[in-house]
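Colleague: Sequences listed follow chains D and S, in order.
Counting in the working numbering, the first sequence runs from 1 upward without gaps.
Counting in the working numbering, the second sequence runs from 326 upward without gaps.
Among the chain S residues that face chain D by a calculated CB cut under 10 Å, a handful are:
{"hint": "1", "residue": "377"}
{"hint": "2", "residue": "401"}
{"hint": "3", "residue": "417"}
{"hint": "4", "residue": "419"}
{"hint": "5", "residue": "423"}
{"hint": "6", "residue": "426"}
{"hint": "7", "residue": "432"}
{"hint": "8", "residue": "436"}
{"hint": "9", "residue": "482"}
Some chain D residues well away from chain S (every beta-carbon gap over 10 Å; in silico):
{"hint": "10", "residue": "173"}
{"hint": "11", "residue": "189"}
{"hint": "12", "residue": "295"}
Which stretches of chain D does chain S cover? Using the computed rule of at least three CB atoms under 8 Å from a CB of chain S, they are:
{"hint": "13", "region": "215 to 222"}
{"hint": "14", "region": "261 to 274"}
FYI, nobody ran anything at the bench for these hints, they're computed from the structure.
Note that this is a predicted model, so its numbers are computed, not measured.
Every residue, glycine too, gets a C-beta built ideally from N, C-alpha and C.
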Amino acid sequence: MPRQRRILLLFSLLLACVSIVWALTIGSADIPPGEVLRHLTGDDGSIHDRIIDELRLPRVLSAFAVGGLLALAGALMQVLLRNPLGDPYILGVSGGAASAVLAAMLLGLPLVWHTPMAVGGALFSTLLVFGLTRSGDDWRSDRLLLTGVVIAAGWAALISFVLSVSPVEQLPGMLFWLMGDLGDATRPAVPLVILAIALPLTLLRARDLNIAVQGLLQAAALGVDTSRLRLEIYFVGALLTAAAVTVAGTVGFVGLIVPHLIRRLGGTDHRLLLPAAVLVGGSLLVLADSAARTLISPMQLPVGVLTALLGIPVFLFLLHARGKA
Amino acid sequence: MSCLLRTRALSLQIADTQVCNDMQLCIEPGQSWALLGRNGIGKTTLLHHLAGLRANAGGQVFLGANDISGLQPRERARQVAVLLQHSNRGFGASVLETVLSGRHPHLERLAWEDSDDLAIAEGCIAACGLATLSSRSLDTLSGGELRRVEIARLLTQQCPLALLDEPLNHLDFGHQAAMLRLLGEHCVSAGRAMLMVIHDLNAAYRACNHWLILSGAGRWHAGPRDALADPALLTAAFGHPVQRIETDDGPLFQPHL
Chain D
1 MPRQRRILLL FSLLLACVSI VWALTIGSAD IPPGEVLRHL TGDDGSIHDR
51 IIDELRLPRV LSAFAVGGLL ALAGALMQVL LRNPLGDPYI LGVSGGAASA
101 VLAAMLLGLP LVWHTPMAVG GALFSTLLVF GLTRSGDDWR SDRLLLTGVV
151 IAAGWAALIS FVLSVSPVEQ LPGMLFWLMG DLGDATRPAV PLVILAIALP
201 LTLLRARDLN IAVQGLLQAA ALGVDTSRLR LEIYFVGALL TAAAVTVAGT
251 VGFVGLIVPH LIRRLGGTDH RLLLPAAVLV GGSLLVLADS AARTLISPMQ
301 LPVGVLTALL GIPVFLFLLH ARGKA
Chain S
326 MSCLLRTRAL SLQIADTQVC NDMQLCIEPG QSWALLGRNG IGKTTLLHHL
376 AGLRANAGGQ VFLGANDISG LQPRERARQV AVLLQHSNRG FGASVLETVL
426 SGRHPHLERL AWEDSDDLAI AEGCIAACGL ATLSSRSLDT LSGGELRRVE
476 IARLLTQQCP LALLDEPLNH LDFGHQAAML RLLGEHCVSA GRAMLMVIHD
526 LNAAYRACNH WLILSGAGRW HAGPRDALAD PALLTAAFGH PVQRIETDDG
576 PLFQPHL
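Take these sequences, add in the hints, and give me the full structure.
Modeller: This is how it looks when you write it as structure tokens:
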């Protein structure tokens, strides 16, 4: 691995460690980093120990997992659509999940139903877009993109409908979910495991992804089995997005901007881009969520508001810098 | 002599256009072929079929002894290199990264390019006159520079057979001559052959010793260049008058303008 890339990867790893430890130190009780590390390794039953183990660590790890899942899914979708605007949500995965969860909230289904509803809605939308795109004999990325965007618009209309007929007291919960919120994310194990499986799997395909960016026909000419690769990217990307949305709702911008950020820093090779995007995406969401729960504490903001507020200027800066170069 | 690439009763159709009927073609090592014909007659479609990038044709394409449709993509890409007609800038990878991707079919799944691969890629980059652009992003290249990057990638693939779709697109005449010479040196030898779609009859005459002319309605003519470089045949095939003028440097072809 060339030296510059190794530095970028080490930097991402360092950023991830620092942001996780820092996030554990802040909150209603400030706990210094040294004490945080002691609590992580040992168990002394103190109140700080319980704050770290039971409150902050699950939430911080959930944030990291969701950010990593979204950044990885975004990188995959950008290759699949060969479009820099590729985003985990562009094919309507999040819209399907959101519609299902909001419908569950409207119908007053208990909280335990939200996860299966989100998974079901995401999978339904994935298969719907896939089926509509596949009905032709060709599988063109512009057709996939248009189909996905139109289906996403359909979900958005359905969401507006549910919001407009819902009782006022349910609206804050629905809006938090729509904007992305980690307040209820207390079980990081499932998203972390999915991330830990998906990253090595996609790394097996990293060189194929480098070539797919050059166009699918070119990739086929260089010996990539493009129809299988496309299927794999599509379904892995959708699954990662569904996992993230199920945990945290629709957190915006991480999946769009993180892969671009890594590319700008010299990481166009997916063997570097994918792990770096996971680490940086995770870190970004950890930092944003820490801000979300402390900025106007004791009130909490939905983390999606902060990723968008952080994400928009960063993305515009990237776009502008790219235009000048 | 055994064929590097052979077609058996190849018949192709796109929409209402019959590209070729019952085509028997044998490309032997040491040969360079020009694929000629009017716009929209199916040259690119035929090239993609010969490269194994499309299936569902009537007839068969053989690479050596193997039916090309039965080969693993990676194995196929070690034997046939393809230069596509349209260039693509991707997401701003560098010239070196792009050219190195020509080694892809030669590398195991998790392998990184080693110093040999790097030396091959750098050699091809230098041969295409791109040495000073090696670390530049594709986004910043001119059309002609990008075309030479793609030719460098094709050379890096080091295949016995090269299929090129309008390799001279976007190149000035100096670079056209240089690239034709380079392709002749790298892709035509004891074990190697090439076929290129080309519109410049004079370049086709000088760079290629065999011609394959598609003349519409499934008709085709294939053979040694001198048998086919006939103004009457070309005029009929292209539906436009072309003159052949003999000079001390060989014939010149002058389409009526």
